[in-house]
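Number of protein chains: 2
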Amino acid sequence: MPLKPRIERAISAAITHAQGNIAPPKLASALAYSVTPGGARIRPTICLSVAMACGDPQPEMSDAAATAIELIHCASLVHDDMPCFDDADIRRGKPSVHKAYSEPLALLAGDSLIIASFEVLTRVAHHDPMRAIELMKILGESTGMPGGICAGQGWESEEKIDLSAYHRAKTGALFTAATRMGAASAGEDPEPWTELGARIGEAFQVADDLRDALYDESTLGKPAHQDEIHDRPNAVTEYGVRGAIKRLEDILSGAISSIPSCPGEAMLAEMVRKTAERLTPVMPPVQAAE
Amino acid sequence: MPLKPRIERAISAAITHAQGNIAPPKLASALAYSVTPGGARIRPTICLSVAMACGDPQPEMSDAAATAIELIHCASLVHDDMPCFDDADIRRGKPSVHKAYSEPLALLAGDSLIIASFEVLTRVAHHDPMRAIELMKILGESTGMPGGICAGQGWESEEKIDLSAYHRAKTGALFTAATRMGAASAGEDPEPWTELGARIGEAFQVADDLRDALYDESTLGKPAHQDEIHDRPNAVTEYGVRGAIKRLEDILSGAISSIPSCPGEAMLAEMVRKTAERLTPVMPPVQAAE
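For the protein sequence lines, the chains are X and L, in the order given.
Numbering that gives the first Met the number 0 applies: residue 0 is where the first sequence begins, and numbers increase by one.
Numbering that gives the first Met the number 0 applies: residue 0 is where the second sequence begins, and numbers increase by one.
Bound-form chain X, shown alone (with noise of 0.2 Å):
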């Protein structure tokens, strides 16, 4: 099955599982919302394409692995999105959550999607409970504290940031997670891809940077220039858009080069070029830019 409709059906389940038929109907509905559009799941998709390339000898684990991250991730949008967060009215072209719904809802919907994401793993620990377990311990260590997506976002509260434990936790977390994850979910020692996670995600830093920095809010189909209003760390503000751009370049090429060796090799590297591709914006005017 190709990765998209796979990744589609497995978040599908979860949510459909976690609605069940005795909530309260606006809450079920509000998990669904905060899950789709599902945009290109590039978490996801990175978790899948490591445990195949690794073999996936158990898709139910990996199918697993790969949901866990996705909703845990759409959890931290959910959140973030929120009034005391960025307060972003916006998300994937619609209302965000607490706009589409209430604050109180959007609040629990990302306290469900983090839940849910541990009782996904849950459900196919008896094909192998070591290998569950793994894969939480990753989990947790990649959004809850003390580095992970939560511990990010705590240093948003910081007068002095850890800059460098800022990005990794931040964005860099769930990458790692992600080549990690889909590593384990095929029985393979997740650490040597920890660097290839870690790259993609110093990259997808970077893109996000550029986007926030070059497109307007109809473009990115959330609020732009929020690093700029909430005066955050940005690549571009660093290096220029030019210099953001060649950075982006070299990191996904290191990307490349760490991909340990295994079945999948190639396949994985064409993986990465596609998402480089899919991250490097389209050049606006220079005027525009500089």
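If you are wondering where the hints come from, they were derived from the structure by calculation, not from laboratory data.
Even glycine gets a Cβ: it sits at the ideal position worked out from N, Cα and C.
Just so you know, nobody snuck in bad clues.
Partial list, derived from the structure: chain L residues whose beta carbon lies under 10 Å from chain X:
id, residue
1, Ala-17
2, Gly-19
3, Lys-25
4, His-97
5, Ala-105
6, Glu-155
Position chain L relative to chain X; hints supplied.
Just chain L now, kept in the frame of chain X:
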């Protein structure tokens, strides 16, 4: 070791782990603030009491179960107190987390504690992976959607509330988690323990309704009369003060007779009786009360 220090030690170890040495300092501090002072620690006490009544063969496992329940309970209090829910300025006699820190940090502290509650269980999983998975399944069911505490709060956003689903999810779920996880952590079938948890949960709900209706903010250590203010269902409105107290007593007798046969049956019945004493409000003068 007596229960109280055992619980505090386990919770404190989990928080130290989540604080790590690379974490953003304010969020790290907010985590400790969110779980102290502990109050009665009623849910972990029930969990450990049940585990001990079943022989408690793996104390690391029961400690982890009790800690997981309390961390996620504290997470729900932190999120509940936020302006978009109860907008409560005080909790356990001190400023609530969003007042002491900020709204973003309260949101992140809650998210991190939810994740930490699952992580605590992954860290003891090597003792018995399938038992740890079973504990995580109960934890997920009791806290997420469609029937856990998130669902319970979700019902508050519905025009038409399914009252029994609401109470079962909002308050009952974590009490049934406490008895079931206590039994499961000792290697026993959790199912026969569901009723004890459900009845203690019901009793707790009635006691909470009584306190909310009868006490003032300084006695409660949190805002009073919230049910009336938010027009939420309350046992005192339904049965009157004396009727609600009678109901509390009936539920607790039912709880005692539901205790499954086990080595520590008598000790457990005593624990429920003590809980009852703690829960039953000291009656204020009759005029003030009715």
